[in-house]
Amino acid sequence: MTGALDGVTVLEIGDGAVEFTGKLLADLGATVIKLEPHGGARGRTVGPFLDGAGPDRSLWFWAYNANKRSAVLDPRVPEAADALVALARRADVVLDGLGPGTLESHGVTAERLRAANPRLIHTTVTPFGADGPWAGLQGSDLVHLALGGTAAMSGYDDLPGRDSVPSAPSGGQAAHMAGVKTAIGVLLALAARHRGQGGQRVDVAVHDAIATSNEWGVPFWTFQHKEVHRHTARHASSDPTTRRQMFRCRDGKYVVALTLYMNDSMRFGGLVDWMASLGLAADLDGPAYRDVEYRTERMDHVVEVIEHFCGELDSAEVFHGAQARRLPWAPVNDAWDLLSDPHLREDRQVFADLADEVTGATVTYAGAPYHLSATPWELRTRPPRLGEHTAEVLADAGLGPVHTAQLTAQYGRLG
Amino acid sequence: MSASALSGLRVVDFSWSVAGPTITTLLAAAGAEVIRVEWPEHPDPMRAVMWAVDAPQTPDSACFFNYVNPGKKAFAVNARNPRGRALLESLISSADLVVESFSAGVMERWGLGYGRLRELREDIIYLSLSGFGHSGRYTTYDTWGPTAQAFNGITALSGIPGAPPAGWGFSYMDLSAGYMSTVALLAALHHRDETGEGQYVDVAQVETGLSMGGSSFLAASVAGPGTRPDGPPGNRATWPGSATSGRGETGAPYNLYPTRGGGRFDHCAITVLDDAQWRAFVHTLGDPDWARTRRFGTAAARVANQDELDRRVAEWTLPQDKYAVMERLQDAGVPAGALQSFSEILERDPQLDHRGVFATAEHPLLGERRWETFPALLSATPLRFHPTWPSLGKDSEHVLRDLLSLGPREIASLLDADVVRAPERPGPDDDAETASLEAAAPAAVAEVPS
Numbered sequence: 000m001t002g003a004l005d006g007v008t009v010l011e012i013g014d015g016a017v018e019f020t021g022k023l024l025a026d027l028g029a030t031v032i033k034l035e036p037h038g039g040a041r042g043r044t045v046g047p048f049l050d051g052a053g054p055d056r057s058l059w060f061w062a063y064n065a066n067k068r069s070a071v072l073d074p075r076v077p078e079a080a081d082a083l084v085a086l087a088r089r090a091d092v093v094l095d096g097l098g099p100g101t102l103e104s105h106g107v108t109a110e111r112l113r114a115a116n117p118r119l120i121h122t123t124v125t126p127f128g129a130d131g132p133w134a135g136l137q138g139s140d141l142v143h144l145a146l147g148g149t150a151a152m153s154g155y156d157d158l159p160g161r162d163s164v165p166s167a168p169s170g171g172q173a174a175h176m177a178g179v180k181t182a183i184g185v186l187l188a189l190a191a192r193h194r195g196q197g198g199q200r201v202d203v204a205v206h207d208a209i210a211t212s213n214e215w216g217v218p219f220w221t222f223q224h225k226e227v228h229r230h231t232a233r234h235a236s237s238d239p240t241t242r243r244q245m246f247r248c249r250d251g252k253y254v255v256a257l258t259l260y261m262n263d264s265m266r267f268g269g270l271v272d273w274m275a276s277l278g279l280a281a282d283l284d285g286p287a288y289r290d291v292e293y294r295t296e297r298m299d300h301v302v303e304v305i306e307h308f309c310g311e312l313d314s315a316e317v318f319h320g321a322q323a324r325r326l327p328w329a330p331v332n333d334a335w336d337l338l339s340d341p342h343l344r345e346d347r348q349v350f351a352d353l354a355d356e357v358t359g360a361t362v363t364y365a366g367a368p369y370h371l372s373a374t375p376w377e378l379r380t381r382p383p384r385l386g387e388h389t390a391e392v393l394a395d396a397g398l399g400p401v402h403t404a405q406l407t408a409q410y411g412r413l414g
Numbered sequence: 000m001s002a003s004a005l006s007g008l009r010v011v012d013f014s015w016s017v018a019g020p021t022i023t024t025l026l027a028a029a030g031a032e033v034i035r036v037e038w039p040e041h042p043d044p045m046r047a048v049m050w051a052v053d054a055p056q057t058p059d060s061a062c063f064f065n066y067v068n069p070g071k072k073a074f075a076v077n078a079r080n081p082r083g084r085a086l087l088e089s090l091i092s093s094a095d096l097v098v099e100s101f102s103a104g105v106m107e108r109w110g111l112g113y114g115r116l117r118e119l120r121e122d123i124i125y126l127s128l129s130g131f132g133h134s135g136r137y138t139t140y141d142t143w144g145p146t147a148q149a150f151n152g153i154t155a156l157s158g159i160p161g162a163p164p165a166g167w168g169f170s171y172m173d174l175s176a177g178y179m180s181t182v183a184l185l186a187a188l189h190h191r192d193e194t195g196e197g198q199y200v201d202v203a204q205v206e207t208g209l210s211m212g213g214s215s216f217l218a219a220s221v222a223g224p225g226t227r228p229d230g231p232p233g234n235r236a237t238w239p240g241s242a243t244s245g246r247g248e249t250g251a252p253y254n255l256y257p258t259r260g261g262g263r264f265d266h267c268a269i270t271v272l273d274d275a276q277w278r279a280f281v282h283t284l285g286d287p288d289w290a291r292t293r294r295f296g297t298a299a300a301r302v303a304n305q306d307e308l309d310r311r312v313a314e315w316t317l318p319q320d321k322y323a324v325m326e327r328l329q330d331a332g333v334p335a336g337a338l339q340s341f342s343e344i345l346e347r348d349p350q351l352d353h354r355g356v357f358a359t360a361e362h363p364l365l366g367e368r369r370w371e372t373f374p375a376l377l378s379a380t381p382l383r384f385h386p387t388w389p390s391l392g393k394d395s396e397h398v399l400r401d402l403l404s405l406g407p408r409e410i411a412s413l414l415d416a417d418v419v420r421a422p423e424r425p426g427p428d429d430d431a432e433t434a435s436l437e438a439a440a441p442a443a444v445a446e447v448p449s
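Residue numbers (numbering that gives the first Met the number 0), protein chains in the order written: chain A, 0 to 414; chain B, 0 to 449.
If you are wondering where the hints come from, they were derived from the structure by calculation, not from laboratory data.
Any given hint might turn out to be false.
Listed below are several chain A residues computed to face chain B (Cβ distance under 7 Å; list not exhaustive) [unchecked claim]:
1) 140
2) 200
3) 202
4) 231
Covered, in the sense of this in silico footprint (three residues per stretch, anywhere, with C-beta under 8 Å from a C-beta of chain A), are these stretches of chain B [what the hints assert, rightly or not]:
5) 184 to 191
6) 325 to 339
7) 395 to 403
This one's a predicted model, so the numbers in the text were calculated from it and none came from an experiment.
Every residue gets a Cβ at the ideal spot worked out from N, C-alpha and C, and that includes glycine.
Kindly produce the complete structure, drawing on both the sequences and the hints.
Right under this line is the structure:
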């Protein structure tokens, strides 16, 4: 099948956000060449590993690097920097995540890249930007989630003895938010190029990307002049709230039971009939609770009854029963739950298996995040071994055999 | 004035709430003409929530609605009315992209499924964003942000070990579904630019988050029994009791540490990722004896003993201001960052200010406020914050007159028949009779919540 970005060539240099950007583009059909230093990209050192540590066994690396090609080409080496410019001549996009000024310090300046290829979309992703008072600061996932507001929004209001503990969500979200916004910037530059622009610079700072990824956080300050209060598993808000919405079910799993439709008599009535059919409606099936104002004033009690009700049922019963009554409730799943969910696995086929011929393992990846009817998202090739494509990448760039042999002998290894 | 990336593109926008409008706001900032379709009898639910403390409470002054919808035109038309649908069909014939975020099946019921759209405009790109997707056994199930992120594993990634999940204090999946959808839409546009072929893009909100869990599926698919994590991973780089990273980074200390003041924002993130940073960290602390023990001699030892390490670090941070901790460590090359509140993000952060991330603009009903811009800076075709907001029906007459080329008689007839609404009717017979929606809104200043 053809991908939407067939024919687009991307050079990806660096970790974190550019790695996610490269993945988004590669999975839509772009040819993404990952340029790695001699020891490999940082992600190759991050666990979990398949059968022991090693650059070709990191599942973290695999999650972000299928569909890519790997060439060992470290721009700290002068010949490699020249080779990088030669590759950029034939590329559409450079994704530079090495940090402010790093490529420049090795002689790969923006001017040199533009001279080599005026149609190049030269993209830099830095922690804080190339200039400004914080330009030189070091970032990390947790540092960005703290400085950018996400950790200020998330946490607990009911952990005994630990009032209002902040929680910076895990999973690598700073890279995801910066990476997806960078991908949008790159695609907009491609669209501009089609509409008569040449190449251009795309500049993304991870800090900016996180500070604009907090939904109501900034509005609470700019419109209400109030700071947020964190709440366990529900929206932070400008005032403390008590309407809890995450409850533990009989099977030990939690469900998120949104109460936002409790003012809708059809939905509330459906819920109460359901509870009553199991003898768990408490006093909610009395006539008084049919009155919207009456029950709104007693919502803390309604929530207590819902909590007790959830505790008497398994999470799957709560999920399907609630959704059948048009209540948008869902279980709190983890990866294990999702891998066995029939809607995702069978109906939507959102997981993709790739075999690894060295270890013999077949590993399951997150599959299509979107379904494009003419140009489907596709996982085509397993993640590359370190330097697997060095020789062919250099040859494709028109670098002569001597040049190639020198570089690979010194700094790379042949697949 | 420099060019825009998407100039000349027309988007018909049926989306509402948060995820869908996130897509189309971005398209508008990039220069597309976005026409928001909305019927006041079924308004966007965001028009009824979040009020400013010092502005009237009307559908056009709901704060978050305005925050996520700048730069769009507003066309108030009844899609359930056959004449309204005919107008929409001619508008779609002239459009490049159609975006909607209704529950599955709504557009089909209006006769505006992809098949019909393609008859109207063969190369149309139609993006449909729903909760669980347009096929499969949960098609009829609904999501809001908190539902989607509970279901798709994102909620479980947040929280302190040993406690229930803390989840997210906002609808992360509304934002990320919006951004991921934009990637799909712009990729489809690239394909159309190259080949002339349009397509249908089916996005399920829950599915857009599946690739945002790090290595979770890979690990789960090959894991042996007993390796399933029990509870949330915490603020550290690695899951409790293992070297498995939850953040693509490893090392210790790595946590949010309490700082002077003891308030809910008095914390500082400190993350030591390698040996050089550890040496710089220890030096900054004044080379204390405990840091020289074997228990903290290697990265692996520091990770293994991080309960004790975190207690030591917290003793050091507790008497200090969070920005002082950040500055001292950053001066030494150690990644550290204050847990910033939103007043600090808007009014103290010098870097966001330097990069102009939050624009200042005056809204007709809300006054001068700060507005988020899209943080990808394109040198030749910059995205722009357009200080206009889609008050109900604001551009209805413009759409009918200038985009659909209808004459005054036809326009008046559509308004009279209540197929289309406009805030003001400068028509010949009754311009005094039809009040503007804005003027009709209650003028009382909202009570300040206690």
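To see whether the hints hold, each was checked on the structure:
1. 140: For residue 140 of chain A, the interface hint holds, since the closest Cβ of chain B sits about 4 Å away, which is under 7 Å.
2. 200: holds (4 Å)
3. 202: At about 4 Å, which falls below the 7 Å cut-off, the nearest Cβ of chain B leaves the hint on residue 202 of chain A intact, so it holds.
4. 231: Holds: closest Cβ of chain B sits about 6 Å from residue 231 of chain A, inside 7 Å.
5. 184 to 191: With 6 residues close enough to chain A, the hint holds.
6. 325 to 339: With 9 residues closer than 8 Å to chain A, the segment 325 to 339 of chain B meets the three-residue bar; holds.
7. 395 to 403: Violated, because only 0 residues of the segment 395 to 403 of chain B bring their Cβ atoms closer than 8 Å to Cβ atoms of chain A.
Checked against the numbered hints listed earlier, the structure breaks hint 7 alone; every other hint is satisfied.
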